[in-house]
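K.L.:
The primary structure of each chain is shown beneath.
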Amino acid sequence: MRNYENLVIVKPTLTAEEIQASVKAIEEVITSNGGEIIATSPMGMRKLAYPIEKNERGFYHVIYSSIAPSAITEIERRFRINEELLRFVTIKYDTNREIAAFNGMVEKAKKAAEAPKVETPVAEAPTETPAVETEAPAATEAAAE
Amino acid sequence: MAEKRKYKKRYCKYCEAKVDFMDYKDAGALRFSLSERYKIMPRRLTGNCKRHQDMISIVIKRARAAALVPYTVTRKQVVVAPFENLK
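Line by line, the protein sequences are chains A and B. Here this note's numbering is used: position 28 in the first sequence is 28, and no number is missing along the way. Here this note's numbering is used: position 83 in the second sequence is 83, and no number is missing along the way.
Treat the hints as calculated values from the structure; they're not laboratory data. Where is the CB? At the ideal position from N, CA and C, for every residue including glycine. A few of these clues could be false.
Here are the simulated BS3-like cross-link-like pairs (lysine-lysine), alpha carbons at most 27 Å apart as the crow flies [said to hold, decoys possible]:
#1 Lys18(B) / Lys110(A)
#2 Lys76(B) / Lys108(A)
#3 Lys47(A) / Lys76(B)
#4 Lys39(B) / Lys92(A)
#5 Lys39(B) / Lys47(A)
#6 Lys47(A) / Lys61(B)
#7 Lys54(A) / Lys13(B)
Here are some chain A residues the structure puts well away from chain B; computed CB gaps all over 12 Å [what the hints assert, rightly or not]:
#8 Asn33
#9 Ile38
#10 Arg78
#11 Lys111
Which stretches of chain B does chain A cover? Using the computed rule of at least three CB atoms under 8 Å from a CB of chain A, they are [claimed, not checked]:
#12 14 to 25
#13 56 to 69
Using the sequences plus the hints, can you model the full thing?
P.N.:
Set out below in structure tokens:
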């Protein structure tokens, strides 16, 4: 078993319930292939950096899991068939340093899941999200420089 | 004898901050090593060390695949503070 991170982008044209159902189905694909989901973190609806299949936005969902390396091909094949997915990215966390970072991210995701939901991007209408979040990236940018 | 140095002597900001791991999901943090057209900035301009430049280039390419950072922008799309309206 090895630690993997799956980032999936679900189509924005679906309703909130359909997105949740789709995410459930994606997690089901991982568990049915012998994977074990450690944590999940929904990043919510956000604008894509470039249009994918003529969609300007997408629902980001990150799944941290521990999967047997041989099962990855099958999981990715199933993702490719799924028409509700715009894009998926699978990242392997293998070396000691990466595993430490992986555990840190898992902790963060779990904490975020436990904490009372301040902002629920799923429930909100997708058109209203940008105004709220504009302040956060400016702060991180300043810190980076 | 010595040629005049074209750029100021740089140091690696990632080494200074003791960065061990970069997360591709944090698009704002990648901005430092990207030009305004989202090309990966060369080491001679940013002063990154080889180790951190290798790390950042991998992470930027991942972020591009995940549509967090654009591959290219055309002249019309170039804006001053790009990550503000990415969200």
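K.L.:
All the hints need checking, so say for each whether the structure fits it.
P.N.:
Now for the hints, and whether the structure bears them out:
At most 27 Å may separate the alpha-carbon atoms for a hinted pair to count; Lys18(B) and Lys110(A) meet this at roughly 25 Å. Distance check on the hinted pair: Lys76(B) and Lys108(A) sit about 38 Å apart at the alpha-carbon level, beyond 27 Å; violated. Proximity of Lys47(A) to Lys76(B) is assessed by CA-CA distance (about 18 Å); at most 27 Å being required, the pair is judged to hold. Of the pairs offered as hints, the one joining Lys39(B) and Lys92(A) holds, with about 25 Å between alpha carbons and a cut-off of 27 Å not exceeded.
Distance check on the hinted pair: Lys39(B) and Lys47(A) sit about 20 Å apart at the alpha-carbon level, within 27 Å; holds. Between Lys47(A) and Lys61(B) the alpha-carbon distance is near 18 Å, which keeps this suggested pair within the 27 Å criterion. Taken as a hint, the Lys54(A) and Lys13(B) pair is broken in the structure, with Cα atoms around 38 Å apart against an allowance of 27 Å. Remark: the non-interface label on Asn33(A) is consistent with the geometry, its nearest Cβ contact in chain B lying 22 Å away (cut-off 12 Å).
The beta carbon of Ile38(A) sits about 16 Å from the closest Cβ of chain B, which is more than 12 Å, so the claim that it is off the interface holds. Consistency note on Arg78(A): stated as away from chain B, and its beta-carbon is indeed over 12 Å from all of that chain's, at 19 Å minimum. Once the 12 Å rule is applied to beta carbons, Lys111(A) is consistent with being away from chain B; the minimum gap is 16 Å. A count of 5 residues in the region 14 to 25 of chain B with a Cβ less than 8 Å from any Cβ of chain A is obtained; the coverage claim is therefore met, three being the minimum.
With 7 residues bearing a CB less than 8 Å from a CB of chain A, the region 56 to 69 of chain B meets the requirement of three and the coverage assertion stands.
Violated hints, in rising order: 2, 7; the structure is consistent with all others.
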